[in-house]
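S.K.: All chains should be built: construct the whole structure from the sequences, respecting the hints.
Chains as they are written, first to last, in our numbering: chain S, 1 to 567; chain F, 1 to 567.
Since the hints were made in silico from the structure, they are not lab data. Small disclaimer: the values here were computed from a predicted structure and weren't measured. Heads up, a few of these hints could be off.
Pairs count within a copy or across copies, as identical chains cannot be separated in the list.
[Said to hold, decoys possible] Heads up, simulated DSSO-like pairs for lysine-lysine below, C-alpha to C-alpha not over 27 Å straight-line:
| # | residue 1 | residue 2 |
| --- | --- | --- |
| 1 | Lys119 | Lys427 |
| 2 | Lys77 | Lys16 |
| 3 | Lys97 | Lys77 |
| 4 | Lys427 | Lys34 |
| 5 | Lys34 | Lys100 |
| 6 | Lys100 | Lys77 |
| 7 | Lys413 | Lys306 |
Number of protein chains: 2
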Amino acid sequence: MKMSRALIPTLREDPKDAEVISHKLLVRAGFIRKVAAGIYTMLPLGLRTLGKLMALVREEIERAGAVEIQMPLVQPKELWTSSGRWEFYGKELLRFKDRKDQEFCLAPTHEEVVTELVKNEVRSYRQLPLILYQIHTKFRDEIRPRFGLMRAREFLMKDAYSFDLSEACARQSYQTMYSAYERIFRRIGLKFEAVEADTGAIGGSLSHEFQVLAPTGEDKIARCNHCKKAWNAELAPVAKPAFVMPESPLRKEKVKTGDAATIEEVAVVLGLHPEQILKSLLIQTERGPYLAVVRGDRILSLPKFKRSVGVVEAELAQDLTGLPEGQIGPIGQAWPVVADYSVAGIQNGVAGANEPGYHWVNVSYPLDFEAQTLADLTLAQEGDCCGVCEGPLSLSRGIEVGQVFYLGTKYSKPMEAVFLDADGNKKPTVMGCYGIGIGRTIAATVEQCHDDQGILWPVSLAPFAVHLVLLDTRQSELALLADSLYSALMAQGVDVLYDDREERPGVKFHDADLIGLPLRLTIGKKYKEKGLVEIKARDASFTEDVPPEDAGKRIHAFLSQQGMANG
Amino acid sequence: MKMSRALIPTLREDPKDAEVISHKLLVRAGFIRKVAAGIYTMLPLGLRTLGKLMALVREEIERAGAVEIQMPLVQPKELWTSSGRWEFYGKELLRFKDRKDQEFCLAPTHEEVVTELVKNEVRSYRQLPLILYQIHTKFRDEIRPRFGLMRAREFLMKDAYSFDLSEACARQSYQTMYSAYERIFRRIGLKFEAVEADTGAIGGSLSHEFQVLAPTGEDKIARCNHCKKAWNAELAPVAKPAFVMPESPLRKEKVKTGDAATIEEVAVVLGLHPEQILKSLLIQTERGPYLAVVRGDRILSLPKFKRSVGVVEAELAQDLTGLPEGQIGPIGQAWPVVADYSVAGIQNGVAGANEPGYHWVNVSYPLDFEAQTLADLTLAQEGDCCGVCEGPLSLSRGIEVGQVFYLGTKYSKPMEAVFLDADGNKKPTVMGCYGIGIGRTIAATVEQCHDDQGILWPVSLAPFAVHLVLLDTRQSELALLADSLYSALMAQGVDVLYDDREERPGVKFHDADLIGLPLRLTIGKKYKEKGLVEIKARDASFTEDVPPEDAGKRIHAFLSQQGMANG
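M.R.: This is the structure:
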């Protein structure tokens, strides 16, 4: 592609709304442009990288036996009512009415449509197993779209759905897709970890997230250095802490603490550490409100709370009390109390008094209050021990780029997607579903692959393999050579981005580093002086001056080596 | 692809809601399934045909110099306000609010987004010309979605937008895209006609539609057998008719006609032909209402009306009068009258009396009323003469699969998409836009290419080239041969659909004819008897029994011959 005829608008300045490096670089290098919050246009370079990723994903997903279809984005309410999600799915499900006043939504995921399809078209066990997939636009009305392609509202997703005869076969499909995901992220060249995860709004009983390791990741990952298991920190089992009780319990006392609202403010007012203070959170569930109590230095995990209490819906309902988190407490109130193990070690601690401006001090467990349930309720954090083997947990940050779910009959039962087995009995199909965020994978790749000058695309996702830079368009000898190398490389099947613009060498080198193609092929004064052109790897792993006729061979050697490294 | 592992649900019965053959066959052959009115899932076969068409379109559009991008479907109101279309675009523009109560729409077309993009990123004449295109989902909230993929609400479209320095350059881009469109439809193998057309909601001053000829087409096409020009009938210039005035004008008289509401009913009540009755239609425009009057046997063309009156908005506003069309008339009312040339020949005719139950008889033009404008206002019909050369017009029906528009500065001016020319002056870019309905092209192909048994795919769009039919899966000798032919053909780059299902031969042949791949390769008893397999063209142009080792060669020969025929 010739830069003079494409639309590759590079920028010198970071966009104002960009917080993370991938967002900054993808905008500055001319891959994407914002149309509205969380809504982007893919420019030519961005779309080419999307295309590379989609081809790679298709290859591995089809190797796993999946067949591609395409389901609509606009979906009728009735479908979502039949699964029960029209009410259950939160505000991320964008609902609207058409001109005939019928209700529709923009699909954030496609379990309903695909289950209805299989319900109508699959009758016999002989048609199973079946794995259907698509790569298509989705919409999630995120409350805070941000980070460019990382948390967009309109985005591309690869979603696959498996339908099986039995639980055992469905677990086999789950494993097949899990392996395909490992191959995909390995072939891209990413450092990633597959971790056990919550099933969220999709549901089901087992799930793994594929997390690309990056300090800017929104997710926390916990890994046990001993048993080698890994989890999203919100699910990682934390061993019960061993407590040393240094003091005798004193009699509890109500003290004035004024405006102190957060745990940190209460700690300052009373001259204590947060871990001596109880954090109490009111959680609304489908069975009514619960009071979740954790130690002030820890963070409640809603997924762990749901599992411990046995509910499917849980959200913070602090506003029901009219009090900030630091002022609510478990003493003398009516809601059932569910406490984290760490609370059991509290002696002479502090709890909100459930009235503005006051706290109880010298609160001890279980002397002053008792929990209905005592459980592992908090996000794993550095220093915690593994709940499986007591080994040390290490924490890191990740970007969730894919997730696989074992759904069982969560959708097939209510939607009556049944088949006739070999004995003529009706049975619901057993399902799994599997997603990869296409745009988010690209952003995650940039988070891992960049330097101060710009992006360092792995060959797998580079929009082009080679950046052909003609340094002076006015010198016809150089221009002719560049033109002929451009044609020759393309004829050899190499993707080339040709900088044929009338720009200064500094601008061209700057843009080439920013865009970050794996190889740069420069035609400049070395050719006039010595008959040589320069091949340089973007990661500076090598620079070589070669005669133009050898350029193709050298480039092929580099690319196939890189390909093999991740193949 | 093995049929046993794909989802290819063929049906024996036509779907109840299907009126046209392409809709019936695409559903019955397992290409598409309805999710809601005008909203479909593309099944594996349908998606493969989509993929073939998209690849062909991409090749020709990129050969014409266009660069691919991808713009969002969900677009903010502000963009559409800036072009003036938020108000102007009718109910086909589906508008809704997001969770933050901000207004958005589902894009039916992308002029706003692309113009805003070019406004922000193109500064200098050196960046022009630029042609951007995408193949992406669109949504139009059709009042009456029907005919399957032909008039869907959610659909795939290839849309391209050209940006030029000057009118002359823009007309060049228009011509380039026009030629690319001709190549695309020729390569598919369609019988089509490019006709001059109205610019509708897109706007601009020149437009051509690419119409696939089919009796089920919703559009009428007029072609002059003499000057060879062709138009959408709603725009085809009709020569002024020559009138013979046989009688002397009589004095007009009001008569009672009772409930007669339509022209046909009035004709029956008065014992006259529709051509002796005036049809009066109230049209609302941005300059207020007009009364359009045409002869009772003719159909008003709104595009012609708009051009004659010089307005951009025009819609029927019959309800303003409270009277049916047969009862409105031009005599004694206040709206400006615009009449078709045919009205000038009315002598002793009939007109509505603008009161229920009455008509004027013996109405003559211009004795009893006069038109502000007398013009060519009706759809061309069989028997009309060409308004350019007076030659005879022939009428046929077409399916509009593509349209090209010369937009000029309709969008770039209000949205201020300007560039600096070589002298440093700011100028608006001069635009064109170019659409191809991807799904509709597929439906149109089926309308042209089918027989009583099913579809006859041209090689260009066939989901697979060869249907490999194993007649008896229980005979391992045959099954082994089929398996090895399947692998061998795929290794040679031939797309094969392999019917490996445990079904009776009758079912397999029936499905193969229904699905309609260009070639069928049958493995059956001829192999056991004589060592031969059968190659048969779907269009029955040949059948040949060959040894299995020759099958690949014969198939390649057939496909390359077909390819060349349309290449």
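S.K.: Now look at each hint and say whether the structure bears it out.
M.R.: Tested hints:
1. Lys119 - Lys427: within (11 Å within a copy, 58 Å between copies)
2. Lys77 - Lys16: The answer is between: 22 Å across copies meets 27 Å, while 38 Å in one copy does not.
3. Lys97 - Lys77: Both, since 10 Å and 17 Å are each at most 27 Å.
4. Lys427 - Lys34: between (47 Å within a copy, 25 Å between copies)
5. Lys34 - Lys100: between (32 Å within a copy, 18 Å between copies)
6. Lys100 - Lys77: Both: 14 Å inside a chain and 21 Å across chains, each within 27 Å.
7. Lys413 - Lys306: within (22 Å within a copy, 57 Å between copies)
In this structure, none of the earlier numbered hints is contradicted; all agree with it.
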